[in-house]
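*Asks:* Listed in order, the protein sequences are those of chains A and B.
Under the working numbering, the first residue of the first sequence carries the number 1, and numbering increases by one thereafter.
Under the working numbering, the first residue of the second sequence carries the number 270, and numbering increases by one thereafter.
Since the hints were derived computationally from the structure, they do not count as laboratory data.
On a predicted model such as this, the values are computed, not experimentally measured, just so you know.
There's no promise every hint is true.
From the derived model, a few chain A residues whose C-beta atoms are all more than 10 Å from chain B [to be verified]:
(1) D10
(2) A23
(3) L71
(4) S226
(5) E256
Covered stretches of chain A (in silico footprint by chain B; criterion: 3 or more residues with CB under 8 Å from a CB of chain B, positions within the stretch not fixed) [as the list claims (entries may be wrong)]:
(6) 1-8
(7) 15-21
(8) 92-104
(9) 125-138
(10) 175-183
Computed from the model, here is a short list of chain A residues facing chain B with C-beta under 7 Å [as the list claims (entries may be wrong)]:
(11) F24
(12) K221
(13) L259
For every residue, glycine included, the Cβ atom is placed at its ideal position computed from N, Cα and C.
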Amino acid sequence: MNIQIIKKNDISLRLLIEDTNAAFMNTLRRIVTSEVPSMAIDDVVIIENSSTLQDDFLAHRVGLVPLKTDLDTYNLPEDCTCKSEFGCNLCRVSLALEAETEDHTITVYSSHFKSENPVVVPVSDRIPIAKLAPSQKIRLEAYARLGKGKDHARWQPVSMCAYKYLPIVIVNTKLCDLCGDCIKICPKNILTKAGDKIEIRNVLDCTLCQDCIDACKKNPKALEVSWNENSFIFEIESTGVLTPERILKGALSILEGKLKEFLDQLVVK
Amino acid sequence: MKIVILNKTKNELKVRIDGEGHTFCNVVQKALLKDKRVELAGYDIPHPLTSSPIIYLRTKERSNPVKTLRDATRDVLKDTDAFKAALKKALKEWKSTA
Ligand SMILES: [Zn+2]
Chain A
1 MNIQIIKKND ISLRLLIEDT NAAFMNTLRR IVTSEVPSMA IDDVVIIENS STLQDDFLAH
61 RVGLVPLKTD LDTYNLPEDC TCKSEFGCNL CRVSLALEAE TEDHTITVYS SHFKSENPVV
121 VPVSDRIPIA KLAPSQKIRL EAYARLGKGK DHARWQPVSM CAYKYLPIVI VNTKLCDLCG
181 DCIKICPKNI LTKAGDKIEI RNVLDCTLCQ DCIDACKKNP KALEVSWNEN SFIFEIESTG
241 VLTPERILKG ALSILEGKLK EFLDQLVVK
Chain B
270 MKIVILNKTK NELKVRIDGE GHTFCNVVQK ALLKDKRVEL AGYDIPHPLT SSPIIYLRTK
330 ERSNPVKTLR DATRDVLKDT DAFKAALKKA LKEWKSTA
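For reference, chain B alone in the conformation it holds in the complex (with noise of 0.2 Å):
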C-alpha cells in the first residue's frame, strides 16, 4: 500500500491508494458515509486491471478532510476489533457446549 495526495482544499481530499482495490475502499467510503460531517464520499477505480484506487472526499465547513477519513478508517478498525472479540467469545461458547 501506498498513499499518494492527488488534491488538498480546506473541505476537498483525493487520495489515490496504490495496491489496494474495492476490499479496502468500500469499507471505507461506507464508513465515510455515516459521518455527518462528509458532503460527498466516493471512490472510482479509473482501470479494472490496476490496483490503484482513488478516493474522494468533501467534508461540511470547518471539517478537516483528513481527520475525517482517519476518524472513519478507525471506525473500522474499531469493527475489526468487536469481531475478533466477538468470534473469540462465540468460539468459547462453543467449545462449552460440545
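For reference, chain A alone in the conformation it holds in the complex (with noise of 0.2 Å):
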C-alpha cells in the first residue's frame, strides 16, 4: 500500500491511496463517520429561558455546536472508570452559558459558552445560538461528553468524508477532430487543447461522469474514461473538532481493535 497526499490543511485532508481494495476503504469510511468519537453536548439544564425559542429547541441548537475534542484525556461514558450515570471529571465538561439584554436586540453566540476546560470550547466563536429581544435572558448549564455518530450525528467529527476510484481519461489522438465538445461539457474543466491534441490537465478531479463521452460526435468514440479498481482518492473534512489524520488514526485504531478482539474470541478448537 502507498499513500501520497493531495491536499492538507487544518480541517481537510485528501489523500490518493494505491494498492487497497474497497471494502477496506469502506470500513474506513463507516469507522469515521459513526465510531470515531468526539465531543458534544448531551445534558442540558436549563435554569431560565425567556426567549422565544421553547427548552427543547434550544437544547437541540447548543447539542449541535462543534466542540474541540481531546481524545486523550477524556474517556467514553461506558469506558469509564467511575461508571456514574452523571460522570465525573474524566467523562464530562460542563459549559455555562448565560446572556441577557435590557434594551436592544442580541444574538447570542458559541463564545458566550463558559468551559471548565479551556481545550473543549467551540470550534468557532461565530455559531448563532438564538436571537434575545430587550428583556429575555437565557441562562443553561450544558453537559458535554464523548460520543459516535451512530448514536447521533453530533458526535459525527467529519462534515463529510469519501472515496472514489481513481480516474483514468484516455484521449484517441488517432480518432479525434478536435472539435472541442468534450473540453466545453467537462464540468470539472479536466480537458485542455494543446497544439494538436486534447490533453488532461488533472485527471483527479474526474468525477467519472462519462458526459464528454456522450458529448463525442465520433463512432467509435475518441474518449474512454475508466478506473483503477485498485487505487483510491479518499477525503476526509473536518468539523474541527479534531485533526483529520486525527480521526483517521484513531478509525485505524478502532479497526485494528475489533479485529484482535475477534482473533481473540475465535479459537481454533
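Each of the two chains sits in its own frame; use the hints to bring them together as a complex.
*Replies:* This is the structure:
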C-alpha cells in the first residue's frame, strides 16, 4: 500500500491511496463517520429561558455545536472508571451559558459559552444559538461528553468523508478531430486543447460522469473513461473537532481493536 | 463484540457477532473470498435494527473453517498496519516538503 497526500490543511485531508481495495476503504469510511468519538453537549439544564425558543429547541441547537475534542484525556462514559450516570471529570465537561439584554436585540453566539476546560470549547465563536429581544434572558448549564456518530449526528467528527476510484481518462489522438465538445461539457474542466491534441490537465478531479463520452460525435468514441479498481482518492473534511489525521488514525486503531478482539475470541479447537 | 458459534462442521462455520455490523463483516467477507481454500463466504444481518450479523463460511475439503476465518482477519489486520505505515510515511514527506 502506498499513500500520497494531495491536499492537507487544518480541516481537510485528501489522499491518493494505491494498492488497496474498496471494502477496506469503505470500512474506514464507516468507522470515521460513525465510530470515531468526539465531544458534544448531551445534557442541558435550563435554569432560565425567556427567549422565544422553547427549551427543547434551544437544547437541540446547543447540542449541535461542535466542540474541540481531546481524545487522550477523556473517556467514553461507557468505558469510564467512574461507572456513574452523572459522569466525572474524566468523562464529562460542563459549559455554562448566560446571556441577557436590556434595551436592544442581541444574538447569542457560541462565544458566550464558558467552559470549565479551556481545551473543550466550540470550534468557532460565531455560531448563532438564539436571538434575544429586549428584557429576554437565557441561563443554562450544559454537559458535554464523548459520543459516537452512530448514536447521534452531533458526535460525528466529520462533515464529509468519501472516496472514489482513481479516474483514468484516455484520448485517442487518431480518432479525435479536435471539435472541442468534450472540453466544453466537462464540469470539472479537466480537458484542454494543447496544439493539435486534447490534453488532460487534472485527472484527479474527474468525477467519472462520462459526459465527455456522450458529447463526442465520433464513432467509435475518441475518449475513454475508466478507473483503477485498486487506487482511491479518499477525502476527509473535519468539522474542526479533531484534525483529519487524528480522525484517520483513530479510525485505524478502532479497526485494529475490532480485528484483535475477534481473533482473541475465535479460537481453533 | 461477542462471538457466538452457531454451527460448526468439518468445512462449515456459522458465527454470530453481537455488536458489529457491515463495517466489520464486509471487510472480513471480502478477505475470505480472496482465499483459495474458501468455497463460499457471506454475511447476513437478519434485521436492520439489530447489530448481530451472521458470517457463514464453507471451505473446500481439508481446510479448517475457523483457521481460514482467522487467516482472513489477520489479512485485514495486515492491511491496517500497512495503511498506518504508509500514512506515517506520507505525513513525514508532506512535512518535509511544506
Ligand atoms: Zn467518568
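*Asks:* Can we confirm that no CB of chain B comes within 10 Å of the CB of S226 of chain A?
*Replies:* Non-interface label on S226 of chain A holds, nearest chain B Cβ at 22 Å vs cutoff 10 Å.
*Asks:* Return the status of the interface hint for F24 of chain A: holds when the least beta-carbon distance to chain B is below 7 Å, violated otherwise.
*Replies:* holds (5 Å)
*Asks:* Measuring Cβ to Cβ, find out whether A23 of chain A lies farther than 10 Å from everything in chain B.
*Replies:* violated (4 Å)
*Asks:* Taking the shortest Cβ-to-Cβ distance between E256 of chain A and chain B, state whether it exceeds 10 Å.
*Replies:* violated (5 Å)
*Asks:* With a C-beta cutoff of 8 Å, work out whether three or more residues of the segment 125-138 of chain A approach chain B closely enough for the coverage to hold.
*Replies:* violated (count 0)
*Asks:* Do three or more residues from the segment 92-104 of chain A put their C-beta atoms closer than 8 Å to C-beta atoms of chain B?
*Replies:* Our answer is that it is violated, as 0 residues pass the Cβ test (under 8 Å) against chain B, missing three.
*Asks:* If you count the residues of the segment 1-8 of chain A with a beta-carbon closer than 8 Å to a beta-carbon of chain B, do you get 3 or more?
*Replies:* n = 6 at 8 Å, threshold three: holds.
*Asks:* Classify the label on D10 of chain A as holds or violated, using whether its beta-carbon is more than 10 Å from each beta-carbon of chain B.
*Replies:* holds (13 Å)
*Asks:* For the segment 175-183 of chain A, does the count of residues with a C-beta closer than 8 Å to a C-beta of chain B reach 3?
*Replies:* violated (count 0)
*Asks:* For the hint on L259 of chain A, does the least C-beta distance to chain B fall short of 7 Å?
*Replies:* This hint holds: L259 of chain A lies near chain B, its Cβ roughly 5 Å from the closest one there, short of 7 Å.
*Asks:* Please settle this one: L71 of chain A was flagged as non-interface, so is its CB more than 10 Å from every CB on chain B?
*Replies:* L71 of chain A clear of chain B: closest Cβ-Cβ about 17 Å, beyond 10 Å.
*Asks:* Is the interface hint satisfied for K221 of chain A? The criterion is a beta-carbon contact with chain B at less than 7 Å.
*Replies:* violated (33 Å)
Hints 2, 5, 8, 9, 10, 12 from the earlier list are contradicted by this structure; the remaining hints agree with it.
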